[in-house]
Amino acid sequence: MAKTKSKNFIRSIIDNDLRTQKNGDRVVTRFPPEPNGFLHIGHAKSICLNFGIADDYNGPCHLRFDDTNPANEDTMYVDSIKEDVKWLGFDWQDKLFYSSDYFDKLYNYAIELIKMGKAYICELDVEQMREYRGTLTEAGKNSPFRDRSIEENLELFTKMANGDFEEGKYVLRAKIDMASPNLNMRDPAVYRVKNAPHHRTGDKFKIYPMYDYAHCMSDSIEGITHSLCTLEFENHRPLYDWFIDELDIECHPQQIEFARLNINYTVLSKRKLLELVETKAVNSWDDPRLPTIAGLRRRGYTPGSIKEFCSRIGIAKVDSTVDIALLEYCIREDLNKNAKRAMAILNPLKVVIENYPEDKVEYLKAKVNPEDPNTSYRELPFTREIFIDHDDFMENPPEKYFRLQPGGEVKLKNSYFIKCQEVIKDQDGNIIELRCTYDQEAFCGKAADGRKVKGTAHWVSAKYAQDVEVRLYDRLFKSENPQSFDNYLDDLNPNSLTVLHNCKIENNLGNLNSGDGFQFERTGYFCVDKDSTSEALVFNRTVSLKDSFKIKKK
RNA sequence: UGGGAUGUCGUCAAGCGGUAAGACACAUGGUUUUGGUCCAUGCAUUCGAGGGUUCGAAUCCUUCCAUCCCAACCA
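Per numbering that gives the first Met the number 0, the very first residue in the first sequence carries number 0; after that it's consecutive.
Because the hints were derived from the structure by calculation, they are not lab data.
Take these hints with a grain of salt, some might be off.
[To be verified] Restraint-style ranges between C-beta atoms, simulated for each label pair:
| no. | residue 1 | residue 2 | range |
| --- | --- | --- | --- |
| 1 | ILE110 | THR278 | 40 to 48 Å |
| 2 | LYS549 | THR278 | 20 to 28 Å |
| 3 | VAL360 | LYS545 | 33 to 41 Å |
| 4 | ASN335 | THR74 | 38 to 46 Å |
| 5 | PRO372 | ILE248 | 54 to 62 Å |
| 6 | GLU233 | LYS545 | 34 to 42 Å |
| 7 | LEU95 | PHE8 | 24 to 32 Å |
| 8 | GLN92 | LYS349 | 56 to 64 Å |
| 9 | ASN507 | SER547 | 37 to 45 Å |
In this text, all values refer to a predicted model and were calculated from it rather than measured experimentally.
C-beta: ideal position from N, C-alpha, C; glycine also.
Start from the sequences and build out the full structure, keeping to the hints where you can.
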């Protein structure tokens, strides 16, 4: 039985089917990607739905590759999809299937259809087919080949299968109703000739089944009970049902449609994602700016945060666009609780503490994760010369700026209070160094005389800091809905990636592996990028910390 | 001008005839060596609009309006 969490309409349907014993106690779902691109977070929604239902109702969820179009498909995508589903934490166990597993069965069922007089070989070309189909408001007209004899259909279909015909010349069509108001029912194509080699069956087959036929039949063959898909397939449901009914097959899965995921400031369509990769608008399928699972993973998103997001957005039938802020909330929530803290300076400003001895080093204790009651501690070397962030100093600050300023004082995180005595500039007037003094009696937020200092700055020892590269990501598109542009590529944000060199980070983080995530205190969440080498570390910014400091920086 | 679907807060989303959950966002206070976290408070007299049924309607009926999907030998 389902857990007592809020039910969406699909779970209600399943509960009802269980009550009426429509499929006995069976609940079987499936996630059916076509291996023609990388999975994105919209797929994660579907994965969480299908595998989540399977988990809760003790049924299997099949992973089935819908590989009926060899022209676009590739093993590389099969591999990436498997990796991504696994990474998200779902397990298809031994239920790994391919539509191509059923090509022989599907072929035989097609012969059945022909023998029943429910399918015929049509010689109309694409153009003519379109003309005969009619329009949204006018009925189509029957193909001149519609009434071929069963024998002739059989013979032609066999020849198609044998590879006697070139692509496009002959196609097997279901004989339904050219006047149907649902265009999908106007004698849809069932099989077409394709010469491209198939990633699994090679050149064994010359003809390949169309989605509408292959999908419902595959569901049925696998004993799927609930076939969940997105809204745009609503118009296909009558056809889904038609094949199964006409062939009089016992297992008749129920197709249920839900709204696909949209998120503002990005695009979620395989076609567009592929275009971004191919046109080099981004560097790869796992570019951290992309909403692909691989991109999010490299960006530093955790499986838990993505699953939490999918659970929070819900399942419904309304076309909707989720605010990217919710996704960011989910990763912050996860990382705030779980990420180790580190001090890193993105824009270093040197600070010399004049009253601190030249060669002295103190090792100051700092919590690895203050959110963890059992946190361990790390040691930070404190020296006369340190770096703070440029943003933490202003020569002419506005009201309510409580970071460092001339003559002002700040708390140094895990360390002493320092007071700014002098600002040093280069010939062009750029601030290049601060001369400060520290108060030995004011440490870790508390001053001996009880005085309150509002601002806190993070820092690293100039002597012991390690140089790293940091990549800052911003939204990939400038507007909320890039689709509203004639060409969504025109809306690309030219500043979606900023690379910072010479960032300074504490050097006692231990052995780092690609993917390791941290909170850089007061700055954001970052993770080690796979471009890192043992000499040169590269960090990706997953997401910044929330910042309620509203005053405009001059 | 055909068919299918959908309209509840800025964004998601519960609600299924008994008098508008929750989350994100936003705002304001408090705590805090992270302007983070956390805590508290506020945020739909109203459910696309109009009419009707009912003691009572977001929920039922009706008309209208808006939006999305469909004319690949893609999935």
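Taking the hints in turn, this is what the structure says about them:
For ILE110 paired with THR278, a C-beta distance near 44 Å keeps the hint of 40 to 48 Å intact. Judged by the Cβ atoms, the range 20 to 28 Å given for LYS549 and THR278 is violated: they are separated by roughly 38 Å. A hinted range of 33 to 41 Å for the beta carbons of VAL360 and LYS545 is consistent with their spacing of about 34 Å. The supplied range of 38 to 46 Å is met by ASN335 and THR74, whose beta-carbon atoms lie about 39 Å from each other.
Checked against the hint of 54 to 62 Å, the pair PRO372 and ILE248 passes, with Cβ atoms roughly 58 Å apart. Look at GLU233 against LYS545: about 39 Å separates their beta carbons, and that is inside 34 to 42 Å. A hinted range of 24 to 32 Å holds for the C-beta pair LEU95 and PHE8, which are about 29 Å apart. A beta carbon spacing of about 57 Å between GLN92 and LYS349 agrees with the range 56 to 64 Å that was offered as a hint.
Between ASN507 and SER547, the C-beta spacing of about 31 Å breaks the proposed range 37 to 45 Å.
The structure is inconsistent with the numbered hints 2, 9, although it conforms to all the rest.
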